[in-house]
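Could you build all of it, start to finish, from the sequences and the hints given here?
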Amino acid sequence: MKISARNQLKGTIIDIQKGATTSHVRIDIGAGAVVTAAITNEAVDELKLAKGQAATAVIKASDVLVAIGD
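The end of the sequence shown is residue 70 by full-length UniProt numbering, with every number in the run present.
Derived from the structure by calculation, the hints contain no laboratory data. A few of these clues could be false.
[Stated by the list, open to error] In silico PhoX-like pairs for lysine-lysine, Cα to Cα no more than 20 Å straight-line:
{"no.": "1", "residue 1": "K60", "residue 2": "K2"}
{"no.": "2", "residue 1": "K60", "residue 2": "K10"}
{"no.": "3", "residue 1": "K51", "residue 2": "K2"}
{"no.": "4", "residue 1": "K18", "residue 2": "K51"}
{"no.": "5", "residue 1": "K48", "residue 2": "K10"}
{"no.": "6", "residue 1": "K10", "residue 2": "K51"}
Here it is as structure tokens:
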């Protein structure tokens, strides 16, 4: 697979929680960090995603916000 996005985090799917239309896919990227992606149930089925499968989180965002507490 070739893709222009530079923010790619390789890891392993540790959980998939399906909702009515959207699934939350949790990917362990190492060092205690987990990325959660919200994708359609249709995409989960088409990609045949499963717990334990290797996957890459591809992050494409026009804005990243940072907040701190008082």
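Results of checking the hints against the structure:
A threshold of 20 Å between alpha carbons decides the hint, and for K60 with K2 the separation of about 15 Å falls inside it, so the pair holds. Taking the CA atoms of K60 and K10, the gap is near 15 Å; set against the 20 Å cutoff, the hint holds. Proximity of K51 to K2 is assessed by CA-CA distance (about 24 Å); at most 20 Å being required, the pair is judged violated. About 13 Å separates the Cα atoms of K18 and K51, which keeps this hinted pair within 20 Å; it holds.
Taken as a hint, the K48 and K10 pair is honoured in the structure, with Cα atoms around 17 Å apart against an allowance of 20 Å. Proposed proximity of K10 and K51 is supported: the alpha carbons are some 14 Å apart, at most 20 Å.
The structure shown violates just one earlier hint, number 3.
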